[in-house]
Structure formats: structure tokens, C-alpha cells
Amino acid sequence: MNAAFDTVLIAMLGGAIRVSTPFMFVALGECLTEKSGRVNLGLEGTLVLGAMVAYAFSYHTGSPWLGVLAAGVAGSVLGAMHGSICGLPRVNDVAVGIAMMLFGVGVAFFFGKPYIQPNAPQLASIPMGFWAASASVRSALQVNPLFFVGILIAFIMAWSLRNTRWGLIVRTVGDSAPAARAIGISVNGVRLLTTTVGGFLAGVGGAFLSLSYPGSWNQGLSSGQGLMAVALVIFARWNPLRCVVAALLFGAAGALGPSLQAIGVTEGYYFFNAAPYILTLAIMIATSSAKHSARDMPGELAMAR
Amino acid sequence: MSDAPIANVSGGIVEVGSPRPASDLAIRLRASSEYVVIPMLALAIAAGLFALFLLAIGKSPLDFVFYVWRGGFGTSFSFQNTLQRSAPLILTALAVAIPARIGLIMIGGEGALVLGGFASAVLAIPLIGHAPPMPTLIVMATFAMLVGGFWVGIAGFLRYARGVNETISSLLLSYIGIAIMNFFVEGALRDLSDPNKPSTKPLGKAYMISTIPGTEVHWGLVFGLALCVGLYFLMTRTTFGFAARVTGGNFRAALAQGLPVGRLIVACSAIAGACAGLAGFFEVAAIQGRANASLAAGYGFTGILVSFLARHNPLAIPAVAILFGGIVASGGLIQRRMDLPDATVLVLQGLIFVVLLTSETLYGRFAIFKPAGERDRT
Numbered sequence: 001m002n003a004a005f006d007t008v009l010i011a012m013l014g015g016a017i018r019v020s021t022p023f024m025f026v027a028l029g030e031c032l033t034e035k036s037g038r039v040n041l042g043l044e045g046t047l048v049l050g051a052m053v054a055y056a057f058s059y060h061t062g063s064p065w066l067g068v069l070a071a072g073v074a075g076s077v078l079g080a081m082h083g084s085i086c087g088l089p090r091v092n093d094v095a096v097g098i099a100m101m102l103f104g105v106g107v108a109f110f111f112g113k114p115y116i117q118p119n120a121p122q123l124a125s126i127p128m129g130f131w132a133a134s135a136s137v138r139s140a141l142q143v144n145p146l147f148f149v150g151i152l153i154a155f156i157m158a159w160s161l162r163n164t165r166w167g168l169i170v171r172t173v174g175d176s177a178p179a180a181r182a183i184g185i186s187v188n189g190v191r192l193l194t195t196t197v198g199g200f201l202a203g204v205g206g207a208f209l210s211l212s213y214p215g216s217w218n219q220g221l222s223s224g225q226g227l228m229a230v231a232l233v234i235f236a237r238w239n240p241l242r243c244v245v246a247a248l249l250f251g252a253a254g255a256l257g258p259s260l261q262a263i264g265v266t267e268g269y270y271f272f273n274a275a276p277y278i279l280t281l282a283i284m285i286a287t288s289s290a291k292h293s294a295r296d297m298p299g300e301l302a303m304a305r
Numbered sequence: 001m002s003d004a005p006i007a008n009v010s011g012g013i014v015e016v017g018s019p020r021p022a023s024d025l026a027i028r029l030r031a032s033s034e035y036v037v038i039p040m041l042a043l044a045i046a047a048g049l050f051a052l053f054l055l056a057i058g059k060s061p062l063d064f065v066f067y068v069w070r071g072g073f074g075t076s077f078s079f080q081n082t083l084q085r086s087a088p089l090i091l092t093a094l095a096v097a098i099p100a101r102i103g104l105i106m107i108g109g110e111g112a113l114v115l116g117g118f119a120s121a122v123l124a125i126p127l128i129g130h131a132p133p134m135p136t137l138i139v140m141a142t143f144a145m146l147v148g149g150f151w152v153g154i155a156g157f158l159r160y161a162r163g164v165n166e167t168i169s170s171l172l173l174s175y176i177g178i179a180i181m182n183f184f185v186e187g188a189l190r191d192l193s194d195p196n197k198p199s200t201k202p203l204g205k206a207y208m209i210s211t212i213p214g215t216e217v218h219w220g221l222v223f224g225l226a227l228c229v230g231l232y233f234l235m236t237r238t239t240f241g242f243a244a245r246v247t248g249g250n251f252r253a254a255l256a257q258g259l260p261v262g263r264l265i266v267a268c269s270a271i272a273g274a275c276a277g278l279a280g281f282f283e284v285a286a287i288q289g290r291a292n293a294s295l296a297a298g299y300g301f302t303g304i305l306v307s308f309l310a311r312h313n314p315l316a317i318p319a320v321a322i323l324f325g326g327i328v329a330s331g332g333l334i335q336r337r338m339d340l341p342d343a344t345v346l347v348l349q350g351l352i353f354v355v356l357l358t359s360e361t362l363y364g365r366f367a368i369f370k371p372a373g374e375r376d377r378t
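Taken in sequence, the protein lines are chains A and B.
For the first sequence, position 36 (counting from the first letter as 1) is numbered 36 according to our numbering, and the numbering increases by one without interruption.
For the second sequence, position 154 (counting from the first letter as 1) is numbered 154 according to our numbering, and the numbering increases by one without interruption.
Since the hints were made in silico from the structure, they are not lab data.
Check before you lean on any hint, since a few could be wrong.
Unchecked claim - Once the Cα atoms are required to be at most 20 Å apart in a straight line, the calculated DMTMM-like pairs of lysine to aspartate or glutamate come out as:
hint, chain 1, residue 1, chain 2, residue 2
1, B, K201, B, E186
2, B, K201, B, D191
3, A, K113, B, D342
4, B, K205, B, D194
5, A, K113, B, D339
6, B, K59, B, D342
What the hints assert, rightly or not - Footprint (simulated), chain A over chain B, 3 or more residues, beta carbon under 8 Å:
hint, stretch
7, 171 to 183
8, 300 to 310
All C-beta atoms, glycine included, are put in the ideal place defined by N, C-alpha and C.
So here's chain A without its partners, still in its complex pose:
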């Protein structure tokens, strides 16, 4: 029993690292976008398109890192679309997000059909568990470099938001558009930029899905992970570092099902598949309040209402 428990724990640790990476990238992208006062619900579509583009590029060029770059570019295009459309007066960013989600998924499925069968070169992992004797620990600690890149980006983003001129501009735009306009900042320009960069990050998150874990391209690759990451930003109270912690937590929840399967518990496979959604909902309920808007929320977010 104890050994089984250890197995589950180690599998969950490894799973948390693997599963959390796409959450982390999408959440960081959304965090930046929301810091400037706009919500992009379309990152689910960006994630799926990023996964497809990365897989296709890796397959054709043989270089998975080119795939990651291409996924980022594809994500930026979707982000720029969202950013420029929402810059027009009277356009609702939440609704545009839903549309971009359907559009991104549609485009990904359209061009992704020929890539369901072939195998594309995968991103190599760094064996962080070389010190351990146990094989399961070693396999759990096969960490993809993108995981570290994500953490690095989180630190850079947190630092620059607080300490740089650009960070101040983004936060001003996010907290009060009239104030930003008064000091001569182009509100729509800043938001276009943050949404584009946010799209880039979400696209890279998608590349992780198809090029590392689960590591293949199919139409069921992401079911709601992009959306959950958006919800996660609220829980992380718009702080990039807390986004990383929240992503790890979600990764562990997402790894629960497969980990239990590893020790032979197959009962309720679908229930454990639903665990991340239920956790997201529970967290949203716990962190929201009807009386006042969430702590540290950018003042311009339409979600506040």
C-alpha cells in the first residue's frame, strides 16, 4: 500500500511538471493581456492552433525548436487579430474571445488533418533525476526545457511589470484607460501588443502539448486547458509568479487520473479526467465574491463589471 502511495506521489510530481507547462504558458500570456485591461478567452483556440503548427513545422523541418517558434508566431497572429478587433469601439472582448476560440480550433483541425498519423521530432527533455536510483523517479524528472523557460519568463514578467517603464505603462492602461490617455499613452496600441505577446506565449504552450507531452497531434489534444488557464489567472490574482504555482497545482490535479492508472486503479477514469474542471470551478467559487471585485484585479477588466 505504502509503495503504491509512493508511486502515485512520484507520478503526480512528474505529471505536475509535465502537465503544468502548457497551463503556465497560457496563464502567463493571459496574465499579461489582462494586466493591460483586456480579456482574451480565445487562448484555448490559440493553444490548439499552436500545437498543430508546432507539430507540422517540426515534421517538415525536422527541428522541434523551429516548431516552437512557428507556434509562437501563429499564436501572435491570433492574438493580434483579437487585439486589433477589440480596439474598435463597441466591440465586446469576451465575445470576440469566444469567436477566436472557435476560429482557432477550426483552422487547427482544418490544416491539422494530414498530421494526425505521422511522427514529428519531439523536444528533448533534460534528465533532472540523474542522481536518483529509482527508475520511476528518473522518469518523473525528465523535465522539458520549456518548463524552465516558462518559469524564467514568469520571473522576468513579474520583475518588469513592477520595475520597468513598460511595466508601468501596461499597469496604467490596465487600471485606468482615461489616465493612460491623459499622459499620452495609446491604450489600444498597448493592448494590441500585450494581446499579441500573450498569444505568442499561448502558442508556445500549445507547442509543448504536441512536441513533448502528450507529444502527438490529434483533435482531442486540448479540451479546455486554455480556458482553465484563463480561469487560473483570476486565482493567481494577476501575478506571474503565482500563475506558476497555480499551474503546478493544476498539473498535479491533471496528473491524478493517469497516476492512479499507473498503479492499476482504472475505475472512474473519466471522473479523474473531469477533476481539473471541477477544481477550476471550485477555485473560481472560492476566490470570487459577489460584493466586491477580486483582489488586485486590473480596474479596466470587463469581468469586474
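Place chain B on chain A using the hints.
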């Protein structure tokens, strides 16, 4: 989107002081035509962009139009197929339109459809062979609506009681609903006599819903149309609808007026879920004959687009639903004849959705839609 008026009510006010008072009807027609012309324009632009997309990948847009016509509208058979598919679209579009009136963007129709259909199929298992078909179907439909209404009602309740963003929560509930169905259909409630697709026990021919006499279309279409008319009246001609629209227009004003805001929000969400649940019931009792993964066919998501294109007006929903029912119905033909992937329809829908929302910015920009007296002032 939430502030889209169902009918222009300002007609009586603007004519005061205008040099040549036009008739009330003329002003209303002129103003309302904006809500028809701009979505049409958006459709046309999206169609143009999609044509360019097809040209870019070396396919003929004319062929595409031809096959949509052939597969969705051209023959009596294909048009009936289209109507068959527009029935759930009408209901899932209502599931978006009703909450939109009270200012909520609910997109959980897919989950409510799946869960409602699943619940009705499960309820039917002990009744088949013991109860007569008609009462069984009525009980099934009621149960599907209750379950669907409860499911989306949760999102409404969380919005009111905890301030949880309803767009995200309704979509999350949708994923959970689909997972619940898969859990039971692949496990405890799986019909083991069917080795193919994991499904619940089939209803059997005697318990399936018949078609409208003289057609191949099931009764779900009639129910959908009736609900469109009924809900239009509920939202525009009753105190409930008025209170809901006031809440959608200005939440704080509604609170200050002492309107039962919480109950209104939950009620509108529950109505929405009930519509989607009913769609699930008809998919089970008229098309599939059992509950399985085929229920999650994307009607809930296409319904979002239908409702937005109809500007959340229940009376405009059927026409838009038939248009998209036709596009969905012709998907197979397009796939075979033009050698395009089945996601082609998704790309077209996404493109229309994006262009449509972009066109929101055009409202109020064209002088032609304004009554004569107001033109100079803006």
C-alpha cells in the same frame, strides 16, 4: 452584446422637435433595418474572405456554394436533413439568447444538451416495456429540461451569489457534463449487448419520436419554433421579461428598484439550460435512439454563433438556424466531393463569428438608419 435592443423603443421620443415628423412605423422600420443590414453585410464579408481562403488553397468557391446548396437546400431530401439539424440549433441558440437578455454570455449549451439527453435516456431504461410510449416520452422530455436547466442554472447562481464569471463557468460545466456522461456510458450504464460504440440501452423503435407527417423531420423542430415564439413573448411582453431586460441594461438600477435580480438571473439561466436539455432529449429520442458520445456533436457551439447572428432575438433565430443547419448538413457532401476536411465548416463558422463581432462597431455609424430629425445632430 448584452445591450442589443430587441426592438427599437426610442422611436416615439426622437421625433419630438423633428422638422417633419415621420410616422412611428417608418421610424421604427428605418432604425430596425440596421439590425438586419449590418449582420447581412458581415455575412457577405465573411463569405468573401472564405472564398479567398478557398482560392488560396486551390479550391473553387463556386463549387463550395454549389455543394452547400445541393447538400443543404437544393432537394427536398437535403432540405429535410437541414431542418432536422436546425432543430437542435434553434434550441441551443435560445440557450444563449435568453441569458444574453439579462446581460450574461452563457456558452454552456453543449454540456446541457449532452447531460439532458443522457438523463432522459437513463430515465427511460426502467420505463421501457412497462410504461406506454407517450407518457414515457413526456417524462423524459421534462427530465431532460430539468437537468439541463439545473446545469446552466448553476452558472447563473454562481454569477449572482459569488460573482463567478458565467462565460468561463458555463463552459467548464459543459466539460464536466460531457465527462459525467462518458463516465456512466463507458461504465455502469453501458449496454454490454452492443459491442460497438459505448452507449446506454437503446430506446427501441416504439419509444422513438415520430416524424412530422409527410416529412422526415422530427417534432423537435415544431417545439423549437413554438419555444422561439413563446420565449419572445416572455421576454418582450411580460413583467418577467421586462424585469430581466432592465437587469441586463443596468444591474445597479435593477437592484435599486428592488427587482429580484438573483431569481431573475437564475431563472433566465435555467430557461436557457432547459432549452439545451430539450435539444438533447430530441437528439436521443428522435435521432440517436440512445445516449452516447455522438451527442456532443458541436450543436451547442454552433448555437452560440446562431444566437449572436440573430442578435439574441428569438424570432430571428429560426431563419439563422436553418441557414447554419444547411451548412452543417452539407458538410459531408463537401468533404467527399471537394476533398476538404470536415473542419471546413468550423473554419467558415469561426470566420463568420469573428467578422460578425467586428461589425458591431458599425452600429450608429450610418446616417441612413437614423430618423430625419436626428441626422443633423450626430
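Structure-based check of each hint:
1. Distance hint between K201(B) and E186(B) is fulfilled; the C-alpha atoms sit about 12 Å from each other, no more than 20 Å.
2. Of the pairs offered as hints, the one joining K201(B) and D191(B) holds, with about 5 Å between alpha carbons and a cut-off of 20 Å not exceeded.
3. This hinted pair checks out: K113(A) and D342(B) have alpha carbons roughly 9 Å apart, not beyond 20 Å.
4. A C-alpha spacing of about 16 Å is found between K205(B) and D194(B), which places the hinted pair at or below 20 Å, so the restraint holds.
5. The suggested pairing of K113(A) with D339(B) holds, with an alpha-carbon distance near 12 Å, which does not exceed 20 Å.
6. Between the alpha carbons of K59(B) and D342(B) the distance comes to roughly 15 Å, so the proposed pair stays at or under 20 Å and holds.
7. Proximity of the stretch 171 to 183 of chain B to chain A, defined as three or more residues with a beta carbon under 8 Å from a beta carbon of that chain, is established by the 9 residues found.
8. Requiring three or more residues with a Cβ within less than 8 Å of a Cβ of chain A, the coverage given for the stretch 300 to 310 of chain B holds, as 4 such residues are present.
No hint from the list above goes unmet by this structure.
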